[in-house]
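All chains, please: the whole structure from these sequences, using the hints.
2 protein chains.
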Amino acid sequence: MKLVVMKFGGSSVANAEKIRHVAGRVIEKKKQGFQVVVVVSAPGDMTDDLIEMAAKVTRNPAPREMDMLLATGEQASIALLCMSLHAKGQAAISLTGPQAGIFADTDHTRARITQIQPKKVLAELAKRRIVVVAGFQGLNPNSDIATLGRGGSDLTAIALAAALKADLCEIYTDVEGVYTTDPRVVPDARKLEEISYDEMLELAGAGAQVMQGRSVEVAKKYGVVFAVRSTFSQAPGTRVHKEVRQMEDVVVSGIALDRKQAKISIVDIPDRPGVAARIFSALGKAGINVDMIIQSEASDKKNDISFTLSEGDVKKALSALRPVKKALEAKDLVANNNVGKIAVVGVGMRSHPGVASKMFQTLADAKINIQMISTSEIKISCVISRDHVDQAVRELHKAFGLDKK
Amino acid sequence: MKLVVMKFGGSSVANAEKIRHVAGRVIEKKKQGFQVVVVVSAPGDMTDDLIEMAAKVTRNPAPREMDMLLATGEQASIALLCMSLHAKGQAAISLTGPQAGIFADTDHTRARITQIQPKKVLAELAKRRIVVVAGFQGLNPNSDIATLGRGGSDLTAIALAAALKADLCEIYTDVEGVYTTDPRVVPDARKLEEISYDEMLELAGAGAQVMQGRSVEVAKKYGVVFAVRSTFSQAPGTRVHKEVRQMEDVVVSGIALDRKQAKISIVDIPDRPGVAARIFSALGKAGINVDMIIQSEASDKKNDISFTLSEGDVKKALSALRPVKKALEAKDLVANNNVGKIAVVGVGMRSHPGVASKMFQTLADAKINIQMISTSEIKISCVISRDHVDQAVRELHKAFGLDKK
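Protein chains in written order, with this note's numbering: chain Y, 1 to 405; chain B, 1 to 405.
What the hints contain is simulated information worked out from the structure, not anything from laboratory work. In this text the structure is predicted, and so the values were computed from the model without any measurement. Take the hints with a grain of salt, since some may be wrong.
Identical chains share a label here; the pair holds if one copy fits it or two copies do between them.
Said to hold, decoys possible - In silico lysine-lysine, DSSO-like type, Cα no more than 30 Å apart, as pairs:
{"id": "1", "residue 1": "K302", "residue 2": "K358"}
{"id": "2", "residue 1": "K301", "residue 2": "K404"}
{"id": "3", "residue 1": "K260", "residue 2": "K165"}
{"id": "4", "residue 1": "K127", "residue 2": "K88"}
{"id": "5", "residue 1": "K127", "residue 2": "K165"}
{"id": "6", "residue 1": "K260", "residue 2": "K325"}
{"id": "7", "residue 1": "K302", "residue 2": "K331"}
{"id": "8", "residue 1": "K88", "residue 2": "K325"}
{"id": "9", "residue 1": "K316", "residue 2": "K88"}
{"id": "10", "residue 1": "K127", "residue 2": "K56"}
{"id": "11", "residue 1": "K30", "residue 2": "K56"}
{"id": "12", "residue 1": "K29", "residue 2": "K56"}
{"id": "13", "residue 1": "K127", "residue 2": "K331"}
{"id": "14", "residue 1": "K88", "residue 2": "K18"}
{"id": "15", "residue 1": "K326", "residue 2": "K315"}
{"id": "16", "residue 1": "K315", "residue 2": "K56"}
{"id": "17", "residue 1": "K88", "residue 2": "K56"}
Structure representation (structure tokens):
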């Protein structure tokens with residue numbers, strides 16, 4: 001008997017009507033002859049509501065207590081979904097993360113899954129029940145509940161699919177799948193039938209937030225083939241799996257964009273060894289993720305170093321860097337919030353040269369100035385003025401023929 | 001070091017402000033040199049909200065899933081209270097019922113506590129932490145969460161106090177303690193300084209809903225002395241403990257009342273053995289708790305049997321009895337919803353005769369007709385017309401001198 005793991009996000013179980021709809025979809029799958037494991041997130045805004053309750057009590061909640069609080073959201077979801085399955089005549093049982101044998105580390109509010117012992121899940125499947133598992137949570141070595149942080153429910157689904165050697169894993173969400181680019185920017189963006197793990201990772205990293213990169217990484221590591229599908233349509237969605245030869249025929253699979261970037265420059269740093277290490281260890285200690293880094297060529301024994309980061313981290317970064325600037329005797333420390341990032345992604349570009357030059361030419365023709373460039377094997381990213389992001393995406397989408405199948 | 005168990009109900013932790021207030025009271029106690037274990041209920045209306053969510057999904061939620069859902073309320077409370085204790089600089093840790101070592105049976109939504117293994121609680125107390133335990137829940141033999149039903153958080157507190165051999169157990173609520181009668185009916189009702197377990201049980205059974213009888217029974221069985229106190233005042237409340245000699249000086253401790261009673265009569269039953277058994281086994285099978293029973297003297301080989309029950313059970317009782325009435329060839333089956341019950345309670349009445357006659361005379365003087373009478377060692381109950389309940393309570397309160405200390 002084939003086994004499927006189906007994951008539904010919070011917006012899919014936001015109220016009773018939606019919960020009944022999800023129950024219906026789950027039962028459809030069961031009737032197709034599958035053993036079904038369902039992973040659900042907390043209903044709708046419940047997680048936000050709980051965070052707000054905590055904020056009213058204290059500004060600095062202890063992470064362990066935050067997890068104790070937040071884990072209740074998914075626990076409510078699994079109970080409600082099971083009730084709906086029962087009401088439709090389907091045998092089903094809910095399991096919290098700990099009950100499902102999901103073990104995590106002690107890094108509260110952003111724990112990693114360390115192990116899955118799905119004995120109880122398998123036993124319940126053997127009783128012909130649908131097993132509904134709380135996403136986003138596991139049991140840590142102190143026997144405490146730990147939550148898995150952003151994208152935690154996707155991670156639960158992928159990891160369970162790996163542990164159960166599931167034949168299929170489906171991530172249900174409120175979009176139809178993975179698109180060539182953001183359909184709000186390019187109306188004729190096309191849904192992709194399939195995409196490789198690496199492309200999906202680069203798209204996520206470049207701000208295409210269908211799924212967090214960490215879940216895709218786990219899927220890649222354990223070879224879990226999954227589909228991104230819509231809760232509210234029967235369309236097949238996008239299959240995500242390992243790269244196959246024929247994928248190389250498609251040079252560029254998608255265009256990613258991220259408007260919420262900022263750029264910080266440290267100007268005129270006397271050229272000494274260890275300068276970059278000094279700067280980025282200060283940022284690392286402050287918990288700031290840096291994206292692109294550019295060091296200008298030294299002229300007159302002075303350097304400029306620029307990097308991009310999330311807009312929300314700018315303040316924290318500037319206070320971490322002020323003492324560094326002073327110690328390095330740099331002339332200036334400048335932040336620019338008016339930038340955005342675009343990227344073309346595709347495994348085909350490995351075997352098809354000329355993608356970079358085509359990208360740069362397209363932007364040049366549109367009179368869009370490139371501020372920074374970064375490349376990986378299957379991605380070319382550019383930082384440009386934020387005002388030009390939408391136009392750049394539209395031009396690139398056309399230039400690489402993504403509107404045509 | 002002395003150990004106290006403090007229990008706070010849902011209205012005491014209904015919002016952030018109240019949670020901070022409770023945290024303050026808990027810390028006061030800690031500063032008095034106590035080791036402190038706190039038991040809390042779900043915040044305010046959360047349990048009702050969860051029940052409503054379930055009702056929107058299905059009319060018949062499976063009890064196991066209901067427990068999975070409802071247990072989240074107390075879990076939210078313990079996390080929020082700990083956050084508040086931390087914000088006030090106090091070391092504290094939250095434990096779910098299962099984490100606190102509270103074991104229950106498999107009777108979901110109304111489980112009994114079977115055992116407490118407070119190893120974790122003791123270990124955390126030894127670290128000088130305040131331990132905050134979720135009321136109303138335990139782990140059952142299937143490793144599922146089971147809730148303890150009405151009054152479950154009181155029960156958790158009393159049972160933990162017994163298991164930990166606590167020096168003190170305090171039940172904080174929104175009233176100042178146990179009163180001689182309902183202060184809404186008799187404005188000069190007096191708060192009792194102390195009361196025996198048995199009196200408390202009889203008062204609860206007669207509708208004085210400060211606490212469920214089951215918690216008092218467990219306290220009596222394990223000799224747990226507890227106080228009923230107000231969350232919002234420093235008044236000492238009412239101490240509940242085993243009967244001591246001097247209590248007998250007080251003949252009557254309180255007057256209980258219950259307006260939500262009903263009376264059912266089966267009229268003109270041919271006098272045969274086994275009639276009563278037939279009637280009350282039918283009611284037992286329907287899950288109906290019967291309170292008082294009267295069988296009239298047989299005249300002309302015919303009997304009447306009347307009994308009282310909760311108003312809410314009348315419909316169910318009538319459908320259970322219709323076939324019995326037919327089988328017994330009784331003449332009539334009559335329900336009367338317009339009745340109420342009053343009772344005088346006091347351990348002193350064992351050694352002071354004349355309480356019953358004083359009660360009946362008081363009611364007679366007020367021209368209140370008594371429909372049924374029932375007595376126990378420390379209680380005399382009368383069923384009267386519902387319209388007369390308030391007046392009867394006022395007259396009896398005066399007649400037994402309960403307004404004077």
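We went through each hint and held it up to the structure:
Proximity of K302 to K358 under the C-alpha cut-off of 30 Å is found in neither arrangement, the shortest distances being 33 Å within a copy and 105 Å between copies. For the homomeric pair K301 and K404, neither the shortest alpha-carbon distance inside one copy (51 Å) nor that between copies (96 Å) is at most 30 Å. In this homomeric assembly, K260 and K165 never come within 30 Å of each other (Cα to Cα): the closest approach is 38 Å inside a single copy and 58 Å across copies. In the homo-oligomer, the alpha carbons of K127 and K88 lie at most 30 Å apart inside one protomer (18 Å), although the nearest pairing across protomers, at 49 Å, exceeds that limit.
For a Cα distance limit of 30 Å, the shortest separation of K127 from K165 inside one copy, 18 Å, qualifies, whereas the shortest one across copies, 43 Å, does not. Proximity of K260 to K325 under the C-alpha cut-off of 30 Å is restricted to the intra-copy arrangement: shortest distance 25 Å within a copy versus 77 Å between copies. Taking the shortest alpha-carbon separations for K302 and K331, only the intra-copy value of 10 Å comes in at or below 30 Å, while the best inter-copy value is 110 Å. Taking the shortest alpha-carbon separations for K88 and K325, neither the intra-copy value of 65 Å nor the inter-copy value of 38 Å comes in at or below 30 Å.
In this assembly of identical chains, the alpha carbons of K316 and K88 lie at most 30 Å apart only when taken from different copies (27 Å versus 52 Å within one copy). In this assembly of identical chains, the alpha carbons of K127 and K56 lie at most 30 Å apart only when taken from different copies (28 Å versus 44 Å within one copy). In this assembly of identical chains, the alpha carbons of K30 and K56 lie at most 30 Å apart only when taken from different copies (24 Å versus 43 Å within one copy). Proximity of K29 to K56 under the C-alpha cut-off of 30 Å is restricted to the inter-copy arrangement: shortest distance 24 Å between copies versus 42 Å within a copy.
Within a single copy, K127 and K331 get their C-alpha atoms no closer than 70 Å, and across copies no closer than 52 Å, so neither meets the 30 Å cut-off. For the homomeric pair K88 and K18, the shortest alpha-carbon distance inside one copy (14 Å) is at most 30 Å, but the shortest distance between copies (41 Å) is not. For the identical chains of this complex, K326 and K315 are intra-copy neighbours only, at 17 Å inside a copy versus 83 Å across copies, given an alpha-carbon limit of 30 Å. Taking CA atoms no more than 30 Å apart as the test, K315 paired with K56 passes inside one copy only; the shortest distance there is 24 Å, against 45 Å between copies.
With identical chains, the CA atoms of K88 and K56 are at most 30 Å apart between copies only, with a shortest distance of 14 Å across copies and 39 Å within one.
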